Amino acid sequence: MLPRRVLPGLRLSLGVTLLYLSIIVCLPLGALVWKAASLGPEAYWAIVSSPRAVASYRVTVLCALAATLVNLVFGLALAWVITRYRFPGRRLLDAVVDLPFALPTAVAGIALTSLFSANGWLGAPLADLGIKVAYTPLGIMVAMTFTSIPFVVRTVQPVLEDLDPAIEEAALSLGAGEARTFRSVVLPLLAPALLAGTSLSFARSLGEFGAVIFIAGNQPFSTEITSLLTFIRLEEFDYAAAAAIASVILLAAFVMLAVTNLLQARASRHLGAA
Amino acid sequence: MNRRAPVRVGEKPLARRLLIGFVLALSAVFILAPLAVIFGQAFSMGLGYFASTIAAPDTRHAILLTVLTALIAVPINTGFGIAAAWAVTKFDFPGRRLLVVLIEIPFSISPIVAGTAYLFVYGLQGLFGPALQDADIRILFALPGIVLASMFVTAPFVARELIPLMEAQGRSEEEAAVSLGANGWQVFRRVTLPNVKWALLYGVVLCNARVMGEFGAVSIVSGNIRGQTNTLPLQIELLYNDYNTVGAFAAASILTLLALVTLAVKVLLEARGAGRRSRPAAAQAPGVAAPRPEGLVP
Numbered sequence: 001m002l003p004r005r006v007l008p009g010l011r012l013s014l015g016v017t018l019l020y021l022s023i024i025v026c027l028p029l030g031a032l033v034w035k036a037a038s039l040g041p042e043a044y045w046a047i048v049s050s051p052r053a054v055a056s057y058r059v060t061v062l063c064a065l066a067a068t069l070v071n072l073v074f075g076l077a078l079a080w081v082i083t084r085y086r087f088p089g090r091r092l093l094d095a096v097v098d099l100p101f102a103l104p105t106a107v108a109g110i111a112l113t114s115l116f117s118a119n120g121w122l123g124a125p126l127a128d129l130g131i132k133v134a135y136t137p138l139g140i141m142v143a144m145t146f147t148s149i150p151f152v153v154r155t156v157q158p159v160l161e162d163l164d165p166a167i168e169e170a171a172l173s174l175g176a177g178e179a180r181t182f183r184s185v186v187l188p189l190l191a192p193a194l195l196a197g198t199s200l201s202f203a204r205s206l207g208e209f210g211a212v213i214f215i216a217g218n219q220p221f222s223t224e225i226t227s228l229l230t231f232i233r234l235e236e237f238d239y240a241a242a243a244a245i246a247s248v249i250l251l252a253a254f255v256m257l258a259v260t261n262l263l264q265a266r267a268s269r270h271l272g273a274a
Numbered sequence: 275m276n277r278r279a280p281v282r283v284g285e286k287p288l289a290r291r292l293l294i295g296f297v298l299a300l301s302a303v304f305i306l307a308p309l310a311v312i313f314g315q316a317f318s319m320g321l322g323y324f325a326s327t328i329a330a331p332d333t334r335h336a337i338l339l340t341v342l343t344a345l346i347a348v349p350i351n352t353g354f355g356i357a358a359a360w361a362v363t364k365f366d367f368p369g370r371r372l373l374v375v376l377i378e379i380p381f382s383i384s385p386i387v388a389g390t391a392y393l394f395v396y397g398l399q400g401l402f403g404p405a406l407q408d409a410d411i412r413i414l415f416a417l418p419g420i421v422l423a424s425m426f427v428t429a430p431f432v433a434r435e436l437i438p439l440m441e442a443q444g445r446s447e448e449e450a451a452v453s454l455g456a457n458g459w460q461v462f463r464r465v466t467l468p469n470v471k472w473a474l475l476y477g478v479v480l481c482n483a484r485v486m487g488e489f490g491a492v493s494i495v496s497g498n499i500r501g502q503t504n505t506l507p508l509q510i511e512l513l514y515n516d517y518n519t520v521g522a523f524a525a526a527s528i529l530t531l532l533a534l535v536t537l538a539v540k541v542l543l544e545a546r547g548a549g550r551r552s553r554p555a556a557a558q559a560p561g562v563a564a565p566r567p568e569g570l571v572p
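So the sequences go chain by chain: A and B.
If you read the first sequence in our numbering, its first letter stands for residue 1, the second for the next number, and so on.
If you read the second sequence in our numbering, its first letter stands for residue 275, the second for the next number, and so on.
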């Protein structure tokens, strides 16, 4: 027998929750899947495997991978510096790490484009070195990097804060050098959190739209991301193609969601054990 | 004096300086420089010009539409967040964990997918489009569509702040209140709300920032009708594509200011215990909500 429920409001709160989720979340996603499914397998496959679509997957995935790699290193360094060192401006740095989440993506997009265009503050000196950033895949990478900076920092930071100093001290006093201690003692302890943060960062980069489209150049086959291709198909009133391509992004998102949940479950077990 | 060897990795002055230098240099490029560009460009033609672009009718309308959208979407979302957190943390029922996953799903979905999905519900080629047109009800390319898309992308914001906290606080205080004769509303207002008020405010502030800044999903459902369905982020795109750079950055500077205020409020609320970072790891309910980086996740 179920224990008698003491608290009131189950029916009201659960009802509101299910109604809201049905109308706001499930209905539109179901409609998208329905629209994509109504294409039939052959037409669907023709759209999602068309050369332009495949090129857009390649651009999106490669740029997201590169951005995630940058964030892995930068994020770890940021989390390390914020938790380990005391210096003027540390707390300000800690606060502004979240700026990429707080700043609307369109604002980030025009700011990065202006900054990295051939006559921008950073774009001009880079252009002198022969490096073009805006309107190239490098620009897409920069935008993706910006919008996902906080993920690795914020997943690694709590683990670094809880790291027992005695572990490092033991390794160092037993004769391991600093590099070796970091590599074989500290890094394995951070690995689950690093992995979880990295996968969140990658997932976000795959779906990023606002920040990317301003800086990307948006040339089919070279600087066109998959989200933009969906948008273009909608503007051409080719709704079936838009549904098919959007369903691919949706599928990728669900795969990434499963991966990150798995990694986070492992990370939190690690956190509990440490 | 005998100097002790470093007891932790990376405590040597050289390593410290190099790492701090590396991080500050990259932060200057990726975080400080974009901020500086926004305000630099916005005021590049002087304060008077800045004021005149902000006061331009289309931009003014976009600001009003953005505020109106937030005024509708944020309270509804807050109500949903409270209801969801109450249902999930105060009762046991089959499918509870699945419900928590479902609540967080919009975070994983690209705004473009969200916008496209809404077209297939309310658009002419969608489920209800033809019926809505016959009844002469406009959802897409009008305020309702913008509000709905904003609610989708921000659905988890309030719930995800409340659920771990209410889970950690348990049910005993509420149960005591009920046994002393309080009704549901009294329990919520006198017992639960005081315990979660900072976390609630935290979620509301982050939700508001995202609603006002949402671009991708809204750009699909709004139809970008100048002076009618352009929210502030869409107006920024329009001005930018019109080569009105100063106007675009002037409009962008308003949203940037909102972002900075949001960050400041966030820091203040974290000092009062809201947000995940200040919570001990053990307080995170095992199996209910995996730890996520706090803040404005997508």
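To be clear, the hints were calculated from the coordinates, so they are not data collected in a lab.
No experiment lies behind these values; they were computed from the predicted model shown.
There could be a bad hint or two in this list.
[To be verified] Taking lysine to aspartate or glutamate pairs in the DMTMM-like style, the calculated list, with each CA pair at most 20 Å apart, reads:
1. B:Lys471 - B:Glu447
2. B:Lys286 - A:Glu178
3. B:Lys471 - B:Glu544
4. B:Lys286 - A:Asp128
5. B:Lys286 - A:Asp164
Quick rundown of the hints versus the structure:
1. B:Lys471 - B:Glu447: 16 Å, holds
2. B:Lys286 - A:Glu178: Roughly 10 Å between the alpha carbons, so the hint for lysine 286 of chain B and glutamate 178 of chain A holds.
3. B:Lys471 - B:Glu544: 12 Å, holds
4. B:Lys286 - A:Asp128: 37 Å, violated
5. B:Lys286 - A:Asp164: Holds, because 19 Å separates the two Cα atoms, which is no more than 20 Å.
Hint 4 alone, counting from the list given before, is not met by this structure.
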